[in-house]
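Asker: Based on the provided sequences and hints, a complete structural model is requested.
Listed below are the residues making up each chain.
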Amino acid sequence: MNATTEYLRLRDLHAFYGESHVLHGVNLVVNRGECVTLLGRNGAGRTTTLRAILGLTGRRTGSIVVNGTEVIGLPTHQIARLGIGYCPEERGIYSSLSCEENLLLPPKLHSAGMSLDEIYTMFPNLAERRHSQGTRLSGGEQQMLAMARVLRTGAQLLLLDEISEGLAPVIVQRLAQIILQLKEKGFTILLVEQNFRFAAPLADRMYVVEHGQIAAEIHQNELDEKREFLQEVLGV
Amino acid sequence: MTEIFGIPIQALMGQLMLGLVNGSFYAMLSLGLAVIFGMLNIINFAHGAMYMAGAFFAWMGLTYWGIGYWWSLILVPLTVGVVGVIIERTMLQWLYQLDHLYGLLLTFGLALMIEGAFRYFYGSSGLPYSIPEELTGAINLGFMFLPKYRAWVVVVSLVVCLATWFVIEKTKLGAYLRAATENPRLTQAFGINVPLMVMLTYGFGVALAGLGGVLAAPAYAVSPLMGSNLIIVVFAVVVIGGMGSIMGSILTGLSLGVIEGLTKVFYAEASNTVVFVVMVIVLMIRPAGLFGKEK
Chain A
1 MNATTEYLRL
11 RDLHAFYGES
21 HVLHGVNLVV
31 NRGECVTLLG
41 RNGAGRTTTL
51 RAILGLTGRR
61 TGSIVVNGTE
71 VIGLPTHQIA
81 RLGIGYCPEE
91 RGIYSSLSCE
101 ENLLLPPKLH
111 SAGMSLDEIY
121 TMFPNLAERR
131 HSQGTRLSGG
141 EQQMLAMARV
151 LRTGAQLLLL
161 DEISEGLAPV
171 IVQRLAQIIL
181 QLKEKGFTIL
191 LVEQNFRFAA
201 PLADRMYVVE
211 HGQIAAEIHQ
221 NELDEKREFL
231 QEVLGV
Chain B
1001 MTEIFGIPIQ
1011 ALMGQLMLGL
1021 VNGSFYAMLS
1031 LGLAVIFGML
1041 NIINFAHGAM
1051 YMAGAFFAWM
1061 GLTYWGIGYW
1071 WSLILVPLTV
1081 GVVGVIIERT
1091 MLQWLYQLDH
1101 LYGLLLTFGL
1111 ALMIEGAFRY
1121 FYGSSGLPYS
1131 IPEELTGAIN
1141 LGFMFLPKYR
1151 AWVVVVSLVV
1161 CLATWFVIEK
1171 TKLGAYLRAA
1181 TENPRLTQAF
1191 GINVPLMVML
1201 TYGFGVALAG
1211 LGGVLAAPAY
1221 AVSPLMGSNL
1231 IIVVFAVVVI
1241 GGMGSIMGSI
1251 LTGLSLGVIE
1261 GLTKVFYAEA
1271 SNTVVFVVMV
1281 IVLMIRPAGL
1291 FGKEK
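Protein sequences, first through last, are from chains A and B.
Counting along the first sequence from 1, when you hit position 133 you're at 133 in our numbering, and nothing is skipped either side.
To convert, count from 1 in the second sequence and add 1000; that's our numbering.
By construction, these hints were calculated from the structure, which means they are not laboratory data.
Don't be surprised by glycine CBs; every beta carbon is placed ideally from N, CA and C.
What you were told as hints is all true, and nothing was included just to trick you.
If the Cβ cut is set under 10 Å, some of the chain A residues that face chain B in the computed set are:
1. Gly55
2. Thr76
3. Ser96
4. Asn102
5. Leu104
6. Pro106
7. Thr153
8. Ala155
Answerer: This is the structure we're talking about:
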């Protein structure tokens, strides 16, 4: 695999929250245009991995290379400006901003971002509720908003944390369609998921995270033979 | 002469106007405090000292360098803002992760030092600063004489407060500010330079206090104690209005000034305490303040 196709590489990444050592040397690669999923039990360190990429944890050591740039020493906003769109687990919708203000908040990073019209075509509910207070939206709408918000900026690497959590099955299906559309558009996606059935058909590769380390790597075509192993480590 | 409840209307209107002038200062200062608290999580006890420094800078500009009132209105808030930025960069930025108490103690210490320094050099008796020529005299409104300078103070402070409200609530920059106040880490993860905004917010907040000081210089005597006399009332205003509401700070500031003024007419003995009585009542009924959101 040559370096130009690598979009994100973590090497021996350690991260801390205060005194507690959460990531113990994570190594992973996400290639351009790939959709990679981090699977694992709660508390295994998947969310922390995403947060560590953006410098949202405490102290970090090791190496994080985003599109050829080492970012371990950079402040959060400069890392984001390299083209990362982050969709946090708690969705992070601002109550002091309207739906549309939430949507327009992140600065455009790249001219390739989707226009407001394209976004409203993809998420028609958001168009209807554009003047509502952000946190008055339903859970599903808030999740759509959190996704839409990072699509407008032109970020090429999407870090999506538990986007299917707590949503009705029909909305989860809609999200899966959206992820597929995004893959077609060439986005690079790192997905943290609890919902294996949601993630399995979407992901090109999966990493299993355990105790703050990568415990296994599974390719899409190995899914069937490794199903038993996955059930064991994930408890699904 | 016309009377209302046995009070001559002239006296009533006079006190009402004075109340509005005081209320304008309350509004400007509590607005700055609220914005700073929202962004920095710091209760800025140095706010009164910045207001006092604003008045002194205006006086010093005029006395030492012949810089008149109108230039001071622009230059002094800029100077105070730069001082604020330096304070934020060198001291406050290390305290954001800590309890409110540390920020309060640090800014309280700063206030004491700044006040002490001015007291050492200028004494505490107060220095005169005359009203600019264009604003001397009064307008006869028929039912009262309106001193031009008082009207000017109220108008300037209203314009500044409303402009601040507009920027924060209705513009893109304001959306950044509101987002950074609500969730600074996530806002930074969207590529917004939050530390820079925090620094400028502190600079802007204290610049408002500095502007208040320039406006106050001709209205009151320029004295090292003018800030600490005012800041206690302003903190009561902030508590009554509730943290975090811009319009709340403005309205509470103005109306408490008016309430104070009216108390002077009807029961002068209570005029110094009425704000605190209101504070106690508001805290009993709405602990988060009139415009604050309960958590």
